[in-house]
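Colleague: Bring the two chains, given one by one in their own frames, into a single complex with the hints.
Sequences listed follow chains A and B, in order. Letter by letter, the first sequence follows residues 1 to 217 of our numbering. Letter by letter, the second sequence follows residues 1 to 252 of our numbering.
Among the hints, a few may not be true.
As the list claims (entries may be wrong) - Derived coverage of chain B by chain A (criterion: at least 3 residues anywhere in the stretch with Cβ under 8 Å from a Cβ of chain A; other residues may be distant): (1) 100-114; (2) 126-140; (3) 160-168.
As the list claims (entries may be wrong) - Under 8 Å between C-beta atoms, here's a sample of chain A residues computed to sit facing chain B: (4) Glu120; (5) Ala121; (6) Met127; (7) Thr132; (8) Val136.
Keep in mind that the hints were calculated from the coordinates and are not lab data. Idealized CB from N, CA, C, for every residue including glycine.
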Amino acid sequence: MKGFWHDAADFFPILMNGVALTIVVTIGSLLLSTVLGLIWAMMRVSGIKVLSMLSASLINVIRGIPIIVLLFYLYFVMPDLGVTLSALQAAILGLGIAYSAYQAENFRAGIEAIDKGQIEAAQSIGMGWWLTMRRVVLPQAVRIVLPPYGNVMIMMLKDSSQASTITVAELALQGKLIASSTFKNTSVFTLVALMYLTMSIPLILLVRHFEKRAGKR
Amino acid sequence: MIELKDVHKSFGRVEVLKGITASVQKGEVVCIIGPSGSGKSTILRCINGLESYDRGEIGIEGLKVDRDAPSIVNIRTQVSMVFQRFNLFPHRTALENVIEGPLFVKKEPRAQAFERGRALLARVGLAEKADVHPPQLSGGQQQRVAIARALAMQPKAILFDEPTSALDPELVGEVLNVMQRLASEGMTMVIVTHEIAFAREVADRLIFMRDGVVVEEGPARQVIDNPQEAATRAFLSHFHRTGALPPATTAS
Ligand SMILES: Nc1ncnc2c1ncn2[C@@H]1O[C@H](COP(=O)(O)OP(=O)(O)OP(=O)(O)O)[C@@H](O)[C@H]1O
Ligand SMILES: [Mg+2]
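Excised from the complex, chain B in its bound form (with noise of 0.2 Å):
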């Protein structure tokens, strides 16, 4: 359902995606992993047209992503993304951040915006948070809430940019249970993380990435138990690979 084909992207003369192709099924979850600086950040501002790319095509079941054109609002609002500081808005509650979208872009009901609202927090367990404004929530509840915010937009798929890395390492366990649980609800997701434990566990398959291209991808087993390339070798050996994700505490 995302089609990446040959996608290059500079800034200023450093040529940061050096002709990128992936494609992501529906339903799948994919992992992109490698070093600081690689682009991965790029690829996913660049699937939902936060950032322009300058050769090559993104597509989303068939439409082409183009930061300019008019269209790009309906693709953002089937591809959600989640950021790494979480990016609430800091001046409304935190149900209000997750009806913001469904009541002001995709025009819904009111009391059905709010039902929505309230239900979806529920699902990622702060449903006694919602009148609370993000400042008073702790990362990992903020991360959740806006967990929520994308999902009310009943995206096709989401895009998670380091999701937990802004996090105190006891909060980081909440917030990948919560999209382990998406992951097996059958959520399309695409997801930026140095949680190679969570990579290896949730993922269906991995991309590793180093300047700018795909330097191995495919199950996310096989490439972290038995990596083919030196340099994915060589990335790997900095981290635990296996082992019990971050001990979830109970979604409050």
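Just chain A, same shape as in the assembly (with noise of 0.2 Å):
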């Protein structure tokens, strides 16, 4: 147990490199599929044949394919498209385009679950589509799509270590290199796991917030 605390002492500097671009990874990634799935699912509540069905298909396409093969492919396969991204730009885009997925069919079901009698009284006092959206349905819609949104938020902190297959050296890879460098395994990787569950923490209780905030209504 000391040496724990001993190695912990020396790895900590390092490890915190890590955890700063976990979380640039995660915060960028949060927002990018954020701002992606509002937009797919906008697409799919137009009312719009062709895009709601664009979107569908998008989403099914994002779905099938493995985060890690999504980043493979935009930090190894784009370069051959004359699109050269460094190895944090491609971490994002990949997790956002990956995550805009599971964001879109969140935003859709609290878009969806809005009363009807709502978008009728926003309509007869001549509200268009957008004003409607955002006056009306989007406000009433946020309080049922926070709790899933934080659930995501915590996936996305857990899945931003996939970034560690492309070289982005966050909190894992950090982790990894120390270890086989320095062979203390048990140590590192202890420390690793409670600096991840540090962050979550926080995230966990935000969602139970957001939950009972929910209820309430």
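Modeller: Now the structure itself:
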């Protein structure tokens, strides 16, 4: 045990570099997946057939490809097509796209849960599609969408470790590098696990808070 | 000002409106009565374009109602609707519900919209509920907010679809009272209702519908007191036709 604390003090600064990158990847891909997910969801509920079918097939394609393959594709194949991305860019883009499919389904479920009477009331005072969305549907859908959104945040935090497969030196990869040079597997990976857990706990509490609030109405 | 000419409407293979011809003059109060499923709601929904129709024509002051044309937004700002289930926006206060249309659809200046909104809430007896959210209001209060929301658009006519059917009996009076006042102030109103006594008292004209056709229409008292068609007589026999309106508990 004493050995662990000693090792921990040694490795902590390097691992914190990894934590910083983990947070960058998580937040970056969270934002991207949110924006893309919203766009797919809006296309889905637009009532315009071409858009909703396009969005449905996009979502299925994205869902059908493993994240790791998407990452390889962006990082190793795109350069052949003339688009060179840094590892970090590819990671954020890949995770963002992969998760946009889940976000879209979550958003759509939230939007469709809104009572049709709300939409009719909005229309009856002359609101168009976009105004109805912005002023009536989305503000109410947020409450429904937030708890699953929080869960997606937790999953993204953990899945950001997949960026290690394309050389992004986030927490998991930093851990692996230290472990393979010092052979202190137990200390290193215990520390890495604890650090992920420390980042997850606030998110887990946040989800609990969202769930309580959503349950109130 | 509202003209329906031979309007047909089907849901799938079921024809719900089988050629409706009717008109509503400016300042007139028209009540539509009839058994469940006769197409009363569908007519109202066609008039302000919540529903499309298949054949015939609906015109509002000469403007054709076409749900898929851009002009529909314009029509909806001129013809407001009050729903059976209120359909207030639960995430906004009573006042915000009322000024939502003026602010965001009509782009009214904020100060003016707020002032008008408060005045309208006062007019339906809810001045002190301005900052309350709908779930904290009784059904009767919610429906009065919904009427204020409809009035806020300064419409040329208001359509009411069974505005008191979802209310506890003791709350019906306060809503009918507000409607009666609107009628006496000259608002053009089309009201689908089962409140026969109210229709007799307040409506200028009554339309009795069954199975998607107008069976009988005429001056409200005449149709209710002395129906000409057997179907109208049969339907009306289920109701007390006269008597006072439900007592209007002072609005609050
Ligand atoms: N969206 C819809 N899809 C399919 N059928 C519908 C739809 N809306 C209404 N109908 C049918 O159309 C018929 C007329 O409905 P409508 O709501 O206009 O009747 P109503 O006279 O308002 O009846 P109620 O007194 O019960 O409100 C009914 O048979 C109903 O089942
Ligand atoms: Mg109806």
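Colleague: All hints, please: hold or fail.
Modeller: Okay, the hints, checked on the actual structure:
Counting residues of the stretch 100-114 of chain B whose CB falls under 8 Å from any CB of chain A gives 5; the rule of at least 3 is met. Remark: the stretch 126-140 of chain B is not confirmed as covered by chain A, as 1 of its residues place a Cβ nearer than 8 Å to a Cβ of that chain, below the required three. Taking a C-beta to C-beta cut-off of 8 Å, the stretch 160-168 of chain B contributes 0 residues in contact with chain A, too few for the three needed, and the coverage statement is violated. Against a cut-off of 8 Å between C-beta atoms, the interface hint on Glu120 of chain A holds, since the closest Cβ of chain B lies about 5 Å away.
Annotation: interface hint on Ala121 of chain A holds; nearest CB of chain B at approximately 4 Å, less than 8 Å. Below 8 Å, beta-carbon pairs count as interface contacts, and Met127 of chain A has one with chain B at about 6 Å; its hint therefore holds. At a threshold of 8 Å, the smallest CB-CB gap from Thr132 of chain A to chain B is about 10 Å, leaving the interface hint violated. Interface hint at Val136 of chain A: satisfied, since its Cβ lies 6 Å from the closest Cβ of chain B, which is below the 8 Å cut-off.
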